[in-house]
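Heads up: the protein sequence lines correspond to chains B and A, in order.
For the first sequence, the residue numbers in our numbering are 54 to 320.
For the second sequence, the residue numbers in our numbering are 4 to 178.
Any given hint could turn out to be false.
Derived DEER-like restraints, expressed as beta-carbon distance ranges [what the hints assert, rightly or not]:
1) A:S50 with B:E184: 23 to 31 Å
2) B:G245 with A:G51: 33 to 41 Å
3) A:S35 with B:S69: 44 to 52 Å
4) A:G51 with B:G224: 23 to 31 Å
5) B:N298 with A:E22: 55 to 63 Å
6) B:R223 with A:S157: 38 to 46 Å
Hints were generated in silico from the structure; no laboratory data involved.
In this text the structure is predicted, and so the values were computed from the model without any measurement.
Heads up, the beta-carbon is just placed ideally off N, CA and C, and yes, glycines get one too.
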Amino acid sequence: MSQIIFWNVNKKDLTSFVCAIATSTNADVIVLNENSVSSIETLKALQKTVSTDFYCPSASSEKRFHCFCRTHKLDMSEVHSGSRTSVRKFQIGHNKALLALVHGVDIRNYDPETRQSFAQSLADEMRFVKEQQRTNKLILLGDFNMNPYDRGMNLAAGLNAMMTKSCVERGSRRHIDTDYDFYYNPMWSLFGDNTYGPAGTVYDTSNQGPYGWSMLDQVVINYSIVNFFNNVIILTEAGTQSLMNQKGHPDSEKASDHFPILVSFCE
Amino acid sequence: MSNFWPKGIQLNDTQSPREILKAAQEDWRLSSNGVMELVLQDANSKSGNSMIIVHAKHVASNRTTTLFSVIYRPNHPYPATIQPKDEDLPNFLKKTYYEPGLGGFAGLNATLLGTQGKKVSNQWVSDTPPEFRQNLADAFNLGIIKSEILNLASFATESSNSTNEESPEDSEETS
C-alpha cells in the first residue's frame, strides 16, 4: 500500500503538525502546497522527528509544491512542470503511473468562468503530458479550488471526472469528434454529514462558499488505474493534536483553513 | 513624394505564427545539438480562439516544461499575442517590477495630484510577421523562460548523473 498526504498549509509554518501526521499515518509521500517554510527546513524536521529515510525527489521547480518521499521505490521525480502543476513519475507496484500535483486558481480572485477555463487548460496540459510520457495512467492530486460538482471538474473537455467507479468503466466519452478519458473522483463519496469524517476540506459561508463546506482538495484518477485506488480520507488530527475548532471546522488559527487528505493505492 | 504603403508590411513575408514557431523549433534543434526541443501543442483559449502552447523538452530525459502560449483568432493569424508564463518570483529576484503606491492618505494625495491612472499596454501583441518574430525572440529571452530552460537542462543532467540508467518507459498506447 502506498499512502500520500496532500495539504495546503495556508502559507503557515505547520511543520510540527506535518511531522505529527507523517508519524501517525506512516505516509510514504507528503505534498505541501503554499508552504512558507523552505523545503530544506521541512525535510530536516521530517528526518529528525519522523524518519531519516525522507528525501525530496528531484524537481526543476519547487515553488508551489514541496514534496517529501520516504521510499525511492515510488520514484516521484518530476517529468513536467507547468505554472500551476508538477507532474511526477509514480510507481504503483509494477505499474509506471504519473502523479500530477495541482494548485487551481483561487476563488477570491478568479470568477467561476476563469476557474472553468483553468480546468480546461489543465486538461489540455495533462493530455500533452500523457502523450509525451506514453501512458494514460494519470492521477491528479491537489487543491483544485473547485468542487467536484463545478463544471470545470466534469466537463468532457475539462477534467471529465465522474462520481462513481461504474461511471468511468467505459473509459471515455466522445464530444465534438474527440474522445476524452474519464476520471474517477472519489471525493464525491465524502460530502455531507452522513459519511465518516468532515463534510468537506474547507469551511466557508461567505460568497465564495455558498454551501458551507467545500471539497477543494481532491484526487481524481484515470479510469485505467481505478483498480489501484484504495481509499481517500480527510484528516482532522495530526497525531494527538486536533486540526478542528470546536465547531468541527478547520482550525485556521491554530493550523490551516484546509484539512489534509490522505490517499492510498494498492500495489 | 508621399508613400502610403503601411510600414512594416512586406508581401513576400506572410509567415503565420505557426510557421514562425516551426522555424523556431528548427533553430532550437540545431542550436542545442538536439539536446532540447520545442514542442507545439494545439489548444483553444478560454475565449475560443486558437492557441498554440509552447513547451520545452529535454530530449534525453523526456522531461518537459510549459513556456508560454500564442493566441490568435481562428483563420486569422494576425494579430497574435504571446502569453508568457506567470513570473511567480519574489520581487528581489526580478530585474524590474512595479511597486504600488502607498494607500490611505498618500493614495488620496496621488488621486488629487492626478498621478493614479496609468496606461496599460500589451507589448506581446503582434500585427505582422516581423513583429511576431521580434516578440517571439523577446519571449525566449525573458528571464523566467531562460531560468525554466536551464532548470530543465541542469535538473535532467543532475538526475542522469545521480541515478542508474533507467529502463525504457512502457510504450503502452494512450487510449
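So, going through the hints one by one against the coordinates:
About 25 Å separates the C-beta atoms of A:S50 and B:E184, a value consistent with the hinted range of 23 to 31 Å. Checking the proposed 33 to 41 Å range against B:G245 and A:G51 shows it holds: the Cβ atoms sit about 36 Å from each other. Distance hint for A:S35 and B:S69: a CB-CB separation of about 46 Å, consistent with the stated range 44 to 52 Å. In this structure, A:G51 and B:G224 meet the distance hint of 23 to 31 Å, their C-beta atoms being roughly 28 Å apart.
Between B:N298 and A:E22 the CB atoms are about 59 Å apart, so this pair conforms to the stated range of 55 to 63 Å. The supplied range of 38 to 46 Å is met by B:R223 and A:S157, whose beta-carbon atoms lie about 44 Å from each other.
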